[in-house]
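Q: Residues per chain are reported as follows:
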Amino acid sequence: MDFPLLSVIVFLPAAGALVILFLRDDNAVRWTALTVTVVDFVLCIGLLLGFDTTTYEMQFTETREWIPALGVSFALGVDGISALFVFLTALLGGVSVLASWVAIDHKVKEFMISLLAMQSLMLGVFCALDLFLFYVFWEAMLIPMYMIIGVWGGDGRVYAAFKFFLFTLAGSVLFLIGVIVLYFQGGETFDILSLMGQDYPFAVQSWLFFAFLIAFAVKVPMVPMHTWLPDAHVQAPTAGSIILAGVLLKMGAYGFLRFSLPMLPDASQYYSTLVLVLSAIAIVYGGLLALAQDDLKKLVAYSSISHMGFVTLGIFTLSIRGMEGGILQMFNHGITTGALFLLVGLIYERTHTRSISDYGGLMKAAPVYTVFLAIFILSSMALPGTNSFVGELLILADAFGANLAVGAAAIVGALLAAAYLLGMFRRVALGPASVGQRYEIWDINRRELAAILPLAVFVFWVGLYPKPFLNIIHVSAEHLLQQVHGHHSRAERP
Amino acid sequence: MTPAALLQSVLASLPEIVVITGACVLLIVGLFVPKGRSHVLVWASIAIVAAAAAATLALAGVVRPAYSGMFVVDGFASFFKVLFYLATALTLLLSPKYAEIEKIERSEYYVLLLFALSGMMIMASGTDLLSIYVGLELMALSTYVLTGFLRDDRRSNEAALKYVILGAVSSGIFLYGVSLVYGLTGTTQLDAIAATLTADAPLDPGLLLAIVFIVTGLVFKVGAVPFHMWVPDIYEGAPTTITAFLSVGPKAAGFAVILRVFLNPLFAASDVWIVVAVIAVVTMALGSFVALVQDNIKRLLAYSSIAHAGFALLGVVAGGVNGVASVMLYLLIYVFMNLGIFGIVIMMRNSDFSGEAIEDYAGFAKSHRVLALLMLLFLFSLAGIPPTAGFFAKFYVLVALIEQGFIALAVIAVLLSAVAAYFYIRIVMVMYMREPAGAFNPALTLPVRIALAITAAGTIGIGLFPAWFLSLAQQSVFGS
Numbered sequence: 001m002d003f004p005l006l007s008v009i010v011f012l013p014a015a016g017a018l019v020i021l022f023l024r025d026d027n028a029v030r031w032t033a034l035t036v037t038v039v040d041f042v043l044c045i046g047l048l049l050g051f052d053t054t055t056y057e058m059q060f061t062e063t064r065e066w067i068p069a070l071g072v073s074f075a076l077g078v079d080g081i082s083a084l085f086v087f088l089t090a091l092l093g094g095v096s097v098l099a100s101w102v103a104i105d106h107k108v109k110e111f112m113i114s115l116l117a118m119q120s121l122m123l124g125v126f127c128a129l130d131l132f133l134f135y136v137f138w139e140a141m142l143i144p145m146y147m148i149i150g151v152w153g154g155d156g157r158v159y160a161a162f163k164f165f166l167f168t169l170a171g172s173v174l175f176l177i178g179v180i181v182l183y184f185q186g187g188e189t190f191d192i193l194s195l196m197g198q199d200y201p202f203a204v205q206s207w208l209f210f211a212f213l214i215a216f217a218v219k220v221p222m223v224p225m226h227t228w229l230p231d232a233h234v235q236a237p238t239a240g241s242i243i244l245a246g247v248l249l250k251m252g253a254y255g256f257l258r259f260s261l262p263m264l265p266d267a268s269q270y271y272s273t274l275v276l277v278l279s280a281i282a283i284v285y286g287g288l289l290a291l292a293q294d295d296l297k298k299l300v301a302y303s304s305i306s307h308m309g310f311v312t313l314g315i316f317t318l319s320i321r322g323m324e325g326g327i328l329q330m331f332n333h334g335i336t337t338g339a340l341f342l343l344v345g346l347i348y349e350r351t352h353t354r355s356i357s358d359y360g361g362l363m364k365a366a367p368v369y370t371v372f373l374a375i376f377i378l379s380s381m382a383l384p385g386t387n388s389f390v391g392e393l394l395i396l397a398d399a400f401g402a403n404l405a406v407g408a409a410a411i412v413g414a415l416l417a418a419a420y421l422l423g424m425f426r427r428v429a430l431g432p433a434s435v436g437q438r439y440e441i442w443d444i445n446r447r448e449l450a451a452i453l454p455l456a457v458f459v460f461w462v463g464l465y466p467k468p469f470l471n472i473i474h475v476s477a478e479h480l481l482q483q484v485h486g487h488h489s490r491a492e493r494p
Numbered sequence: 495m496t497p498a499a500l501l502q503s504v505l506a507s508l509p510e511i512v513v514i515t516g517a518c519v520l521l522i523v524g525l526f527v528p529k530g531r532s533h534v535l536v537w538a539s540i541a542i543v544a545a546a547a548a549a550t551l552a553l554a555g556v557v558r559p560a561y562s563g564m565f566v567v568d569g570f571a572s573f574f575k576v577l578f579y580l581a582t583a584l585t586l587l588l589s590p591k592y593a594e595i596e597k598i599e600r601s602e603y604y605v606l607l608l609f610a611l612s613g614m615m616i617m618a619s620g621t622d623l624l625s626i627y628v629g630l631e632l633m634a635l636s637t638y639v640l641t642g643f644l645r646d647d648r649r650s651n652e653a654a655l656k657y658v659i660l661g662a663v664s665s666g667i668f669l670y671g672v673s674l675v676y677g678l679t680g681t682t683q684l685d686a687i688a689a690t691l692t693a694d695a696p697l698d699p700g701l702l703l704a705i706v707f708i709v710t711g712l713v714f715k716v717g718a719v720p721f722h723m724w725v726p727d728i729y730e731g732a733p734t735t736i737t738a739f740l741s742v743g744p745k746a747a748g749f750a751v752i753l754r755v756f757l758n759p760l761f762a763a764s765d766v767w768i769v770v771a772v773i774a775v776v777t778m779a780l781g782s783f784v785a786l787v788q789d790n791i792k793r794l795l796a797y798s799s800i801a802h803a804g805f806a807l808l809g810v811v812a813g814g815v816n817g818v819a820s821v822m823l824y825l826l827i828y829v830f831m832n833l834g835i836f837g838i839v840i841m842m843r844n845s846d847f848s849g850e851a852i853e854d855y856a857g858f859a860k861s862h863r864v865l866a867l868l869m870l871l872f873l874f875s876l877a878g879i880p881p882t883a884g885f886f887a888k889f890y891v892l893v894a895l896i897e898q899g900f901i902a903l904a905v906i907a908v909l910l911s912a913v914a915a916y917f918y919i920r921i922v923m924v925m926y927m928r929e930p931a932g933a934f935n936p937a938l939t940l941p942v943r944i945a946l947a948i949t950a951a952g953t954i955g956i957g958l959f960p961a962w963f964l965s966l967a968q969q970s971v972f973g974s
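Those protein sequences? They're chains A and B, same order as listed.
If you count the first sequence from 1, position 40 lands on 40 in this note's numbering, and the numbers rise without skipping.
If you count the second sequence from 1, position 34 lands on 528 in this note's numbering, and the numbers rise without skipping.
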């Protein structure tokens, strides 16, 4: 590939941020940010169109020397797993800009710069094929995200930003140690692909597995490392929540897929039950917590914990349907929860309250809005015909095979999801039209429609015809499972 | 010594000669420079530093032993000298406006800085415990005076007095160690000491004691626990420009000597590293935790510098080419990021505004976007967040540690640096997330702008493209 498509996709938002640095007018800033994210998204469509679904090999690869003395190179590439998330990130980038159009009314320039920097770094995380590069992207994200929560967040933003920063930092410094240990164990290279093709002693794998587990569990987040999430979500501005839920949480799961499973296959199998149990706990506990919330954002945040439990559950069934379901569910959760946070943000802009008890009868005041809310709520509870149904079905299909109790817990979690989501919908949207009288409510405008409509398209596309998406995932997921189960016979394979 | 050897020696020490001669000339010329035109002295000092730098670069590439084994010009010494030039030049750039505001525009200020520089240079090049000691004292005496330069400020006087007393004690301890070494081995030359020791394998307990004394004297200079008590008081009391200088220059010089001694195979073979490892961990822990509760930014940066010294000491523990190179790179990067943040603190000082309390920075980002952004960059770099240079500095130390199998030390180090991140981002929080109490009036002059531009470029540049600096540090270890 001559044209460095991935480099362009990754660094275009950063370049946009540089341009914005020199703009003075807020509207020009907004339009530039939107243009950049939309162009980036179009490039990502090109990426998926040009993506070869028949191979698990990395595609669109680029390699340049960076720090030769340490075996660090600037290497980018995507396989079926990462391509999907590059696409998701680019999609949510545009949505985030639209969501911040009027909601961010001070320091617009700084906000858009942070947002675009974030966008570049997130895309970089999914494209990086060098562990050092990956870590740089991964850790650098803390800076803009800390600013987004801390500067443009709600009243408790400072506490939330600190908590987010320190939790994630503490998790990822251990990951860093693991990375360096891996570097020396794997023959002084940071190349992800060559680090995969090696047999590490089990003791080393175990230590590394836990070092990685802590880092990724904080990001996912898995219980008991989840406590930063509700604070961060509640305080973050809408765009921050969309990015957090849509992309950042996926990175933890992506870390499992990219590092833990292929590099530490023995430890991953050995400790898979542990992760399954943690996932089950997250599903039920997150669901129960969501049930008890009165704050809309908190409810969605806790539902995220529960839904991400499904994802880790699917991945650690270590079987093909569970794995594919888990990966697809990551994508779905990004779409659905991103949309739910967007919808909560939109209504908050009108009423300035997130308390569910302040609402009621929204259906009459804002019918179009309510329809979208219904769509995404149904998607979140995995109604057949929506995207999450496909993902959760695949996960559950293999969950029982992996562990009966965990599968049962997942069913309970799915029921809980119906309870808290429908309960929320009833209290917010149905009933007498009280909210329309107390607050000035207007229905969705064109800008908001432009943000929400693409997400709704994917709800039904994945829900009704998931084949293109599963095609992208399938070969890579299969290869990943081979790496986990059959790594001893690796030498025989071409 | 033959005339030819003497000539060679003079040539090898040309940079030192340039700086010392320049300082002496400046001392005389300074008497005739009218008040208000002291910027002439600044540029003259920078010219002297630049001339010395040119001499160092011209001499680099060949190992030149000089003065009968008292002195050497090698890659290691040249690397540190460049670092000292950088630190001194940046301090000089930050000084004139601050000196004007604090009413300390005196030519002695610049002369003493140059003398301190020459002392540090001799420390880096010294291969004999005595020449090292001479360099150490030349540097120390100059910095004692500079610390007390704010004559009307009680804190400054107190700091200077404390510094003199504690510095004298530590020098005495160092010298006592040297005398023990001389008594036991009959020489003070590092190579000769090593040769004597490798002859009879088991380490003499008396010599171990001597080493402990020497290490103690040096650890005092880098401000590591348990000899760190002076750091916060002196950092707070000294003129901020001198604090900035102290935090990077003399500290790096102390490390240069520690490394020079530890490069020696003898010490690498002994168990002294356990002592250093304990010192390093305790230093990092104390620096990080105590910094959490500071309200004064100079004190906070003092504790931060203690924590950073602890982290750099871990590179000494690791040893080997990567260990030594990691310390060197760490110190170089630290020059950029720490002088950067001090540049902002110095600039905040204006007529009636001290800019010393962290609260003074509330809402700074609102009115001064670019300056706040720079400060954010330096703070995240100090915290070790990529893609800044501070991350790479720490990363490389960790690589060196793990290469030698010190995984537990590495884990402790990263956890403590996560603690340290808290107080750095707290300042970011104050700048960005609080409302300003009053208007800011930073003393932003052209030299300060230049200094900030250089430090920012270094902080981000080494972070993104560390390859060249890394191989430079690695090559300097081999002593070419």
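One or more hints might be untrue.
Stated by the list, open to error - With a cut-off of at most 27 Å between alpha-carbon atoms, the simulated BS3-like pairs for lysine-lysine come out as follows:
no.	chain 1	residue 1	chain 2	residue 2
1	A	Lys107	B	Lys860
2	B	Lys597	B	Lys656
3	A	Lys163	B	Lys597
Said to hold, decoys possible - Partner residues are not named here, just some residues of chain A that face chain B (Cβ under 7 Å, in silico):
no.	residue
4	Val136
5	Gly154
6	Leu449
7	Leu453
8	Phe460
9	Val484
Source of the hints: derived by calculation from the structure; they are not laboratory data.
Backbone N, C-alpha and C fix where the C-beta goes; we use that ideal spot for every residue, glycine too.
Q: Each hint needs a verdict: does it hold in this structure or not?
A: Hint check results:
1. Straight-line distance between C-alpha atoms of lysine 107/A and lysine 860/B comes to about 9 Å, which keeps the hinted pair within the 27 Å bound.
2. Straight-line distance between C-alpha atoms of lysine 597/B and lysine 656/B comes to about 23 Å, which keeps the hinted pair within the 27 Å bound.
3. Using a Cα cut-off of 27 Å, the hinted pair lysine 163/A and lysine 597/B is violated, with the two alpha carbons roughly 44 Å apart.
4. Restraint check, valine 136/A versus chain B: the minimum CB separation of about 4 Å is within 7 Å; hint holds.
5. Of the supplied interface hints, the one on glycine 154/A is violated, with its beta-carbon coming no nearer than about 12 Å to a beta-carbon of chain B, more than 7 Å.
6. Interface restraint check: leucine 449/A against chain B, minimum CB-CB distance 33 Å, threshold 7 Å, status violated.
7. Interface hint status for leucine 453/A: violated, as the beta-carbon distance to the closest one in chain B is roughly 34 Å, over 7 Å.
8. Because the smallest distance between the Cβ of phenylalanine 460/A and any Cβ of chain B comes to about 40 Å, over 7 Å, the interface hint for this residue is violated.
9. Proximity of valine 484/A to chain B is violated relative to the hint, the smallest CB-CB distance being about 26 Å (cut-off 7 Å).
Figure legend: structure checked against the earlier numbered hints; hints not met, in rising order: 3, 5, 6, 7, 8, 9.
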